[in-house]
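Novice: One letter stands for each residue in the lines below.
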Amino acid sequence: MKNFNQNKPHQAYKLVLATAATIIFIAGCANNPGPIEQMASSRAAVSSARSAGGSEYAPIQLKLAIEKMSGAEIAMTNKDYVLARQLAEQAQVDAQLADAAARSAKAQKAADAIQEDSRVLRQEIDHKAE
Amino acid sequence: MKNHQYFPVTLIALAILSGCNAAPPKNSFLAEAHGSYDSARNNPQVAYLAALELNEAGNSLSKADIALSKGESAATVDHLAYIAKQQIGIAQETTKRKSAELAVANAGAKRDQVRLEASTAEAKTAKQQVVIAQKTVDQQALALADASENAQRDQASLMAMAAEADSAEQQVVLVGKIADQQATELEAFDASTARDQASLKAKTAEIATANQMLANASDKAERDHALIVQQETELKGLNAKATERGLVITLSDVLFGANKAQIGSGGMRSVQKLADFLTQYPKQKVLVEGYTDSVGSNAHNQKLSEQRANAVRAALLDKGIGSERVTTHGYGEEFPVSGNDTAANRQMNRRVEIILSDANGNIIPR
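Chains as they are written, first to last, in this note's numbering: chain A, 1 to 130; chain B, 1 to 366.
These are computed hints drawn from the structure, not numbers from a lab.
Incorrect hints may have been included.
[As the list claims (entries may be wrong)] Here are the simulated DSBU-like cross-link-like pairs (lysine-lysine), alpha carbons at most 30 Å apart as the crow flies:
# : chain 1 : residue 1 : chain 2 : residue 2
1 : B       : Lys63     : B       : Lys110
2 : A       : Lys109    : B       : Lys273
3 : B       : Lys98     : A       : Lys106
4 : A       : Lys63     : B       : Lys63
[Said to hold, decoys possible] Here are the in silico distance ranges between beta carbons for each label pair:
# : chain 1 : residue 1 : chain 2 : residue 2 : range
5 : A       : Ile36     : B       : Glu32     : 27 to 33 Å
6 : B       : Asn55     : A       : Asp126    : 43 to 49 Å
7 : A       : Pro33     : B       : Asn55     : 29 to 35 Å
Ideal placement from N, C-alpha and C gives every residue a C-beta, glycine not left out.
Next up, chain A with everything else stripped away, as it sits in the complex:
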């Protein structure tokens, strides 16, 4: 995003550079550049959310993230990079939310368990004390 902002004042210069870079990329990879980094970090986020137990604790968010991620992949394939970026970004925050929700749910579960343990312990002690 910042790049776009900075590019605006020197659009002519940047255009030359972008053209050159595009030529180099086409020559080197024979593929489109697209939001590759964003795609990678989004995939990582989805994977992380999955491994954090998102399918169990935040299934809707995770499902959204996965669907958007596949949409982004399709957009990448279609070389609709703007859509791909948007979908990837949304997939990333969705995945992150799923991740956070799963983690908080697990933490809550642990807290509940510990609270229960505490209660039981207290009860036992009170019973013992009596």
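Got chain A; can you put chain B on it based on the hints?
Specialist: Same frame as chain A, but now just chain B:
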């Protein structure tokens, strides 16, 4: 007229309304995101625990606002608003997670606290139990001490009783001894009384005997006196003479034949008298001494004097006098009682003297 008066006011109100309507962005997603963001930011827990996430959401919201103000496409603004909304959700979830984690940590601490309390309570209980046990032990020790004291007291009283019993026994023994002693003393007293009575009797008897003896002695004295008188009378009959050697009876020459040793009949009467006297006084002994005159040889005279003394002795023995009571001695012509110058004097020298012993049979020899 009235419409003219209110006109400026209406204008002002319209101006305010139009001004208010112009300021806020026309994107429902973004408005929703702002609402969520404000409520999140007003939650101090979120602001504290998820400051980073909230900040990211704020940045995203700013981008959305900028995009809206720049008049970018609704899709772009919606996209950015969605990102912001999701980040607010992340911040909220993070807040929940952290508070839960804090709760876990606190629960751990709390559990430790509870355990500590439990341990403290247990320790207290144990201490109380120890105190109770100690009290029980103390009480038991006290009871034991009491019991021991009682036992000792019992022992002491038992000993005292035993001592009393001993002393009582001793007293009984003592009393028995005293009784024995008294009995012994009584016996002794009885015995001494008996003895005293016996000795009294004996003494009475002695006194009686003594009285008797006294009476006897008195009788005897009287008898002796009579006897002495009689003896004297008898001795007078024998012509006894009291000399320094005792009573001496002299048988004169006429009782013997001249120059002979046979006793004549007159002489025999005198011997008979002497024998009677000696029989009557059996303790009396006699010494028969023969004497001659100076006519004839000394040997002859000696022999004659001995023969005459022996003749008297033989006559006395003949009369039943014990031979041990009669001793003889011949002195010849010694110890003349008168001069040998005349016949009468010589006749006086020819004699037999019978010396009577004292009452105990002692004779003083010449």
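Novice: Are the hints correct? Go through all of them and say.
Specialist: Quick rundown of the hints versus the structure:
{"no.": "1", "hint": "B:Lys63 / B:Lys110", "verdict": "44 Å, violated"}
{"no.": "2", "hint": "A:Lys109 / B:Lys273", "verdict": "183 Å, violated"}
{"no.": "3", "hint": "B:Lys98 / A:Lys106", "verdict": "11 Å, holds"}
{"no.": "4", "hint": "A:Lys63 / B:Lys63", "verdict": "26 Å, holds"}
{"no.": "5", "hint": "A:Ile36 / B:Glu32: 27 to 33 Å", "verdict": "32 Å, holds"}
{"no.": "6", "hint": "B:Asn55 / A:Asp126: 43 to 49 Å", "verdict": "45 Å, holds"}
{"no.": "7", "hint": "A:Pro33 / B:Asn55: 29 to 35 Å", "verdict": "30 Å, holds"}
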